[in-house]
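Top line first, the protein sequences correspond to chains A and B. Residue numbers for the first sequence follow our numbering, beginning at 942 and rising by one. Residue numbers for the second sequence follow our numbering, beginning at 204 and rising by one.
Simulated from the structure, these hints should not be mistaken for laboratory data. Predicted, not measured: the structure shown is a model, and the values here were computed from it. Incorrect hints may appear among the rest.
With a straight-line cut-off of 20 Å between C-alpha atoms, the simulated EDC-like cross-links for lysine to aspartate or glutamate are [stated by the list, open to error]: (1) Lys971(A) - Asp263(B); (2) Lys328(B) - Asp969(A); (3) Lys972(A) - Glu416(B); (4) Lys972(A) - Glu294(B); (5) Lys269(B) - Glu294(B); (6) Lys972(A) - Asp299(B); (7) Lys225(B) - Asp266(B); (8) Lys971(A) - Asp266(B); (9) Lys972(A) - Asp266(B); (10) Lys268(B) - Glu230(B); (11) Lys971(A) - Asp255(B); (12) Lys971(A) - Asp299(B); (13) Lys971(A) - Asp989(A); (14) Lys971(A) - Glu294(B); (15) Lys225(B) - Glu416(B); (16) Lys268(B) - Asp969(A); (17) Lys345(B) - Glu379(B); (18) Lys972(A) - Asp263(B).
With the C-beta cut set under 10 Å, the calculated list includes, among others, these residues of chain A facing chain B [claimed, not checked]: (19) Leu944; (20) Leu968; (21) Lys972; (22) Pro983; (23) Val990; (24) Ile1000; (25) Val1004.
For glycine and all other residues, C-beta sits at the position ideal for the given N, C-alpha and C.
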Amino acid sequence: MILVILNGETRQVRDGSIADLVASLGLDVKKVAVERNREIVPRSTLADVALCEGDALEIVHFVGGGC
Amino acid sequence: MTDTWSVAGRTFTSRLIVGTGKYKDFEQNAAAVAASGAEIVTVAVRRVNVSDPTAPMLTDYIDPKKITYLPNTAGCFNADDAIRTLRLAREAGGWDLVKLEVLGEAKTLYPNMRETLEATEVLAKEGFLPMVYCVDDPIAAKQLEDAGAVAVMPLGAPIGSGLGIQNRVTIRLIVEGASVPVLVDAGVGTASDAAVAMELGCDGVLMNTAIAEAKDPIRMARAMKLAVEAGRDAYLSGRMGLRKYADPSSPLAGLI
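Turn these sequences into a full structure, and let the hints guide you.
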């Protein structure tokens, strides 16, 4: 297990790729976007990027919003 | 004869863009979008709720394949945050038509034009097609256009205020000076406000609160659709001139 910062909260997660993490959270990878240490991780490479201790991850999606 | 408008090479029939915030629930939101006839909706980009991934999502109710999602940077107060948000939006949605707004302060939600201009330049260089929320200033609108804005979106009044278009003259000056579409963004409160924007020659209107906070949002959505169409027709038909005094509509000849 390693410690990462996921959407602003410190969390213990299993070693593996970002795709593994997204799947373990029960999220549909097609509906989210991921930023790692302020860099976009293209969806096509999520399975190739291994999580590192201390990574800051943002996982976002579209929500209702106006002007 | 269909009256259409185009932004960055994409053509739309509806000139009404609606937001997807502040609704009671997703069902009401989807029904209001349908009643408005809008082909574009604005959406926000936010962190997923990692503790409840099964929570319903907007995309389950408003199909991004049928309705164009326009990711918006509402809530961003500097260029960096706005750019970062739109990079994520592009990755999440896969399209580059976006709405940029960089706010200056919470009280008025007026745009910070310095940051807005800077963000527009960066986004355009990165291949984005930014439609840009701005002050109702014809010079600022021109500067945004030069920086790569594919549409300028001056406020009619502060976001969420429902005050209607406060300065028709400046909105009209922007329309006359622009070579990209002009859409009034923010400030519309009721149908006549939307009609005014269209009568000034704007290419479209964006609104959220006016529909979402109406007592019957679905009916108001329909009213806005009709108002935008009526205003557009009135603009295209070329209104009569103004006179200071009366001019009878019935012939004076043949009076008994």
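Evaluation of the provided hints:
1. Lys971(A) - Asp263(B): Holds, at about 13 Å.
2. Lys328(B) - Asp969(A): With Cα atoms ~31 Å apart, Lys328(B) and Asp969(A) exceed 20 Å; violated.
3. Lys972(A) - Glu416(B): 28 Å, violated
4. Lys972(A) - Glu294(B): Holds. Lys972(A) to Glu294(B) sits at ~10 Å (cutoff 20 Å).
5. Lys269(B) - Glu294(B): This hinted pair holds, its Cα atoms lying about 19 Å apart.
6. Lys972(A) - Asp299(B): 16 Å, holds
7. Lys225(B) - Asp266(B): 19 Å, holds
8. Lys971(A) - Asp266(B): 14 Å, holds
9. Lys972(A) - Asp266(B): Status holds; Cα separation ~12 Å.
10. Lys268(B) - Glu230(B): 18 Å, holds
11. Lys971(A) - Asp255(B): Holds, at roughly 17 Å.
12. Lys971(A) - Asp299(B): 17 Å, holds
13. Lys971(A) - Asp989(A): Given pair Lys971(A), Asp989(A) holds - Cα atoms ~16 Å apart, limit 20 Å.
14. Lys971(A) - Glu294(B): 10 Å, holds
15. Lys225(B) - Glu416(B): 7 Å, holds
16. Lys268(B) - Asp969(A): Holds: Lys268(B) and Asp969(A) sit about 17 Å apart, inside 20 Å.
17. Lys345(B) - Glu379(B): 11 Å, holds
18. Lys972(A) - Asp263(B): 10 Å, holds
19. Leu944: Since chain B brings no Cβ nearer than about 15 Å to Leu944(A), farther than 10 Å, the hint is violated.
20. Leu968: 5 Å, holds
21. Lys972: 6 Å, holds
22. Pro983: 7 Å, holds
23. Val990: 13 Å, violated
24. Ile1000: 5 Å, holds
25. Val1004: This interface hint holds because 5 Å falls under the 10 Å limit.
Violated hints, in rising order: 2, 3, 19 and 23; the structure is consistent with all others.
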